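In case you want the letters, here they are:
Number of protein chains: 2
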Amino acid sequence: MSLASSLTTHVNSLAISDVPLKPRTPAPKPNPVSVGAWSDAVDAYAGPRLSKRIIDVPDSHVTAEKLDAIFRTTYDGESNPGGLINLGIAENSLLTQEYLEYYSRVLKDALTPGDLTYGNQSSGSSRLHTAIADLWNENFSPLTPVKPDDIVTGPGATSVLDQLVAVFLDPGDAILIAAPHYNGFNVNMVARSRSTIVSVPVPNEEAFSPTSLDYFETAIKEYAAKGVTTRAVMLCSPQNPYGRTYDKETLLAYALFAEKHDLHLISDELYALSVYDNPNMPDAPPFISMLALDIEKETGKPFDSRRLHVVYSFSKDFGVNGFRVAAVISQHNPLVLRALLHTAFLMKVSSPADALLSYLLNDKPTFRKMVALNQARLADSAAHVRDWFEKRGFKPFQSNAGHFMMVDGRDVFHFKNFEEERAFAHKCIDAGVVVGVGQSYHYAQPGWLRVTFSVHRPVLDLALQRLDEALKSLKN
Amino acid sequence: MSLASSLTTHVNSLAISDVPLKPRTPAPKPNPVSVGAWSDAVDAYAGPRLSKRIIDVPDSHVTAEKLDAIFRTTYDGESNPGGLINLGIAENSLLTQEYLEYYSRVLKDALTPGDLTYGNQSSGSSRLHTAIADLWNENFSPLTPVKPDDIVTGPGATSVLDQLVAVFLDPGDAILIAAPHYNGFNVNMVARSRSTIVSVPVPNEEAFSPTSLDYFETAIKEYAAKGVTTRAVMLCSPQNPYGRTYDKETLLAYALFAEKHDLHLISDELYALSVYDNPNMPDAPPFISMLALDIEKETGKPFDSRRLHVVYSFSKDFGVNGFRVAAVISQHNPLVLRALLHTAFLMKVSSPADALLSYLLNDKPTFRKMVALNQARLADSAAHVRDWFEKRGFKPFQSNAGHFMMVDGRDVFHFKNFEEERAFAHKCIDAGVVVGVGQSYHYAQPGWLRVTFSVHRPVLDLALQRLDEALKSLKN
Chain A
1 MSLASSLTTH VNSLAISDVP LKPRTPAPKP NPVSVGAWSD AVDAYAGPRL
51 SKRIIDVPDS HVTAEKLDAI FRTTYDGESN PGGLINLGIA ENSLLTQEYL
101 EYYSRVLKDA LTPGDLTYGN QSSGSSRLHT AIADLWNENF SPLTPVKPDD
151 IVTGPGATSV LDQLVAVFLD PGDAILIAAP HYNGFNVNMV ARSRSTIVSV
201 PVPNEEAFSP TSLDYFETAI KEYAAKGVTT RAVMLCSPQN PYGRTYDKET
251 LLAYALFAEK HDLHLISDEL YALSVYDNPN MPDAPPFISM LALDIEKETG
301 KPFDSRRLHV VYSFSKDFGV NGFRVAAVIS QHNPLVLRAL LHTAFLMKVS
351 SPADALLSYL LNDKPTFRKM VALNQARLAD SAAHVRDWFE KRGFKPFQSN
401 AGHFMMVDGR DVFHFKNFEE ERAFAHKCID AGVVVGVGQS YHYAQPGWLR
451 VTFSVHRPVL DLALQRLDEA LKSLKN
Chain B
1 MSLASSLTTH VNSLAISDVP LKPRTPAPKP NPVSVGAWSD AVDAYAGPRL
51 SKRIIDVPDS HVTAEKLDAI FRTTYDGESN PGGLINLGIA ENSLLTQEYL
101 EYYSRVLKDA LTPGDLTYGN QSSGSSRLHT AIADLWNENF SPLTPVKPDD
151 IVTGPGATSV LDQLVAVFLD PGDAILIAAP HYNGFNVNMV ARSRSTIVSV
201 PVPNEEAFSP TSLDYFETAI KEYAAKGVTT RAVMLCSPQN PYGRTYDKET
251 LLAYALFAEK HDLHLISDEL YALSVYDNPN MPDAPPFISM LALDIEKETG
301 KPFDSRRLHV VYSFSKDFGV NGFRVAAVIS QHNPLVLRAL LHTAFLMKVS
351 SPADALLSYL LNDKPTFRKM VALNQARLAD SAAHVRDWFE KRGFKPFQSN
401 AGHFMMVDGR DVFHFKNFEE ERAFAHKCID AGVVVGVGQS YHYAQPGWLR
451 VTFSVHRPVL DLALQRLDEA LKSLKN
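So the protein sequences, as listed, match chains A and B.
476 is the number that the UniProt record's numbering gives the last residue of the first sequence; the numbers go up by one with no jumps.
476 is the number that the UniProt record's numbering gives the last residue of the second sequence; the numbers go up by one with no jumps.
Just so you know, the hints here were simulated from the structure itself, not pulled from any lab data.
Small disclaimer: the values here were computed from a predicted structure and weren't measured.
Errors might be hidden in some of the hints.
A pair holds if it fits inside one copy or across any two, identical chains being indistinguishable in the list.
Claimed, not checked - Below are the DSS-like pairs computed for lysine-lysine, each with C-alpha atoms no more than 30 Å apart in a straight line:
#	residue 1	residue 2
1	475	52
2	369	108
3	472	301
4	66	147
5	147	29
6	301	147
7	147	52
8	52	260
9	260	364
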């Protein structure tokens, strides 16, 4: 494939002049079925009865509807240039042109007659599971080599987590997650499985320290006192929304916490290959998979490895959110794999995506080039966005992984409450850009933003111009 | 595209000499995690606790595990020539070469930058929903034109039905289906939603008559007496496993039955475009979508159209089971669409499949040619298989739609019970071929087979040779 000669050269097929500098300022366009409150729609409904479980919808439905409304107004250079540019979502358009060219070219070699059938497993193809095992073994040094049958795949981490938590939690049971955290968990682990997400606020300065688990100790007791049983703890490594890798000591603290309370430990490692250089973090730890740790040896304490399950997705590291391919890797718990097998066919990976990603993983030179190119562009784009915010008085929380960074805007905004933060989010939408405000990630104080920077540069710069408009309107 | 010049000319890229006539006779190769009984595995498990809902698995898990074992040993001309040829599953390999060539060629035009993102809706793309609406409006004469927002898509009818029944049924509630019926319903509508599938045995001679609903009247009362509430009725039109279209009178009888008992009516129309000529059925009704019927006008009785929901999938009519693209079309019930929207992101269609199928639907000349080619090959292949069974004393149940036919082997087998029928199924597996035996479809008497004929001819003939071996071994 014809990769750009320099790793840091950006694709400029879409020139800055092609994008409207004075955008229309569209309001999110909701699906016509989701106008007004759900409870009002239910009260007005006189048709044949719907199930109680659907009528008693969890609060997460509001997030699901909002997400759909934003998708429906999303900026597209060709079809919707006046749409909202979404810096509040983890999409990576730094490699779009390269991947479109690559996938279009290789499909004829990648797609087999078997891909038009149900394939050779209820879960994704054995070809894909083998390629994922190789990916893990060749890049993340697992303590025990990953085997293809350690893996169950599904259409995105969203689906995989939905099924996985149902294996551990009965409705109402709790899973603990350090806050701030990815807001999608409140949909994907609640909407069907009806789990209780316990967001555990951890101060910034302890978020990447073993002491973060002290807050979990408090939370688990607090929920137990309310009669809620905690069954699992989730680790996002690298962390979302901070965009940072964990050191070994903190990872081990998670493992010991899970062991102490007999919990399942889900390690969400979606950004494993999206680690990049930040000159302000010369001593940043590399990414370490939980599967790479010899926990008993490192800690001198027992650890039941049946409780450890890794979730991985191609969406982030390979910029293919739309492909919907993710995996659970559980190396020591065949009963969990068997439970997932019972419903694997309900979340079967689509074969063209299965074929294309397997092909890429097996095409090692291209795989390595694309990963390196992605990391270089992430570093470049992150530096660009850090600089932009610093010039405006924000304090970026230093990051070295993922598609986004948190920026501390407390000295700029002086928000007195979350209501004011929400008002700013609406001003951004009026200006044609979406940014994640801290409260969406269960942040304890107002004034923080999560900003996605893994955006094709001309579009990123347009988004930042729109954000400037929103900031100016705040001063007026 | 370079379609074969004659519609009935079969692709012979795989010559008969390429396939092993003396197959190895492999036993199904189970996933290593699913060896032995689930209850034994649970008893032996000493790891961190799994949820009660997962431990108390429905009986359907046995079917799910068996399906996976069969997939793992499936015949593949290149990678597994000694594998099982599966005539017990609805896969269509009559157009494999044409579709592989087509999709490989058009991906570069079909796939857009937006396909690498989450896209422009929580459900499948607006491009796909628009193409499905057009498909319906241009081919199936809906009473009210289908709009893109009447549609929710998901990764296969399996996933779509799982979510749809959860909207209508609380755990334990019943859905009625005429038996024999597709055995996958017992997995996809039970495994997660925990619905009760009520298989209503209807004699052959009434299966396509309005009197079939009399059996439903009995069943609904019987289950009500047991304290089970029925919330929905399912119609498979064209019918699976009979492979036959319904006349208008029977469709209307389903509608009136649903109205009378205030049930949701799910019309599974997966084989809508797979209707073919059978010279023995000169008066076979054409396929009629439930959406095409003016039920109130036709019957002179009220009908609440909020209860009507159609399920469609591309798997069958387009021979792409692996793509995982299906749709619910609900034209008059925004609350149902809204409920599905809350979990649509958990079953998002994969973008390469979304892009390829949208492209095909919009490429009208190719679409029409492929549908016609498929129907011609189905007719040819069905005639071939009817002839084969008739020569051996079986009585094929005349069919005009779908990928399979039921054949009455009672005069050949003289099975005294289902145990003997099951023993024959195992003999078939020993010979390297899978056929569906009647009991898998909840057939009331032993001695019937469901045989898939939509198989590339050289492989089909090899499968029939293997079946002959199984029949001979029965006589010995």
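Violations among the numbered hints, reported as their numbers in ascending order: The structure conflicts with hints 1, 3 and 9, although it agrees with all the remaining ones.
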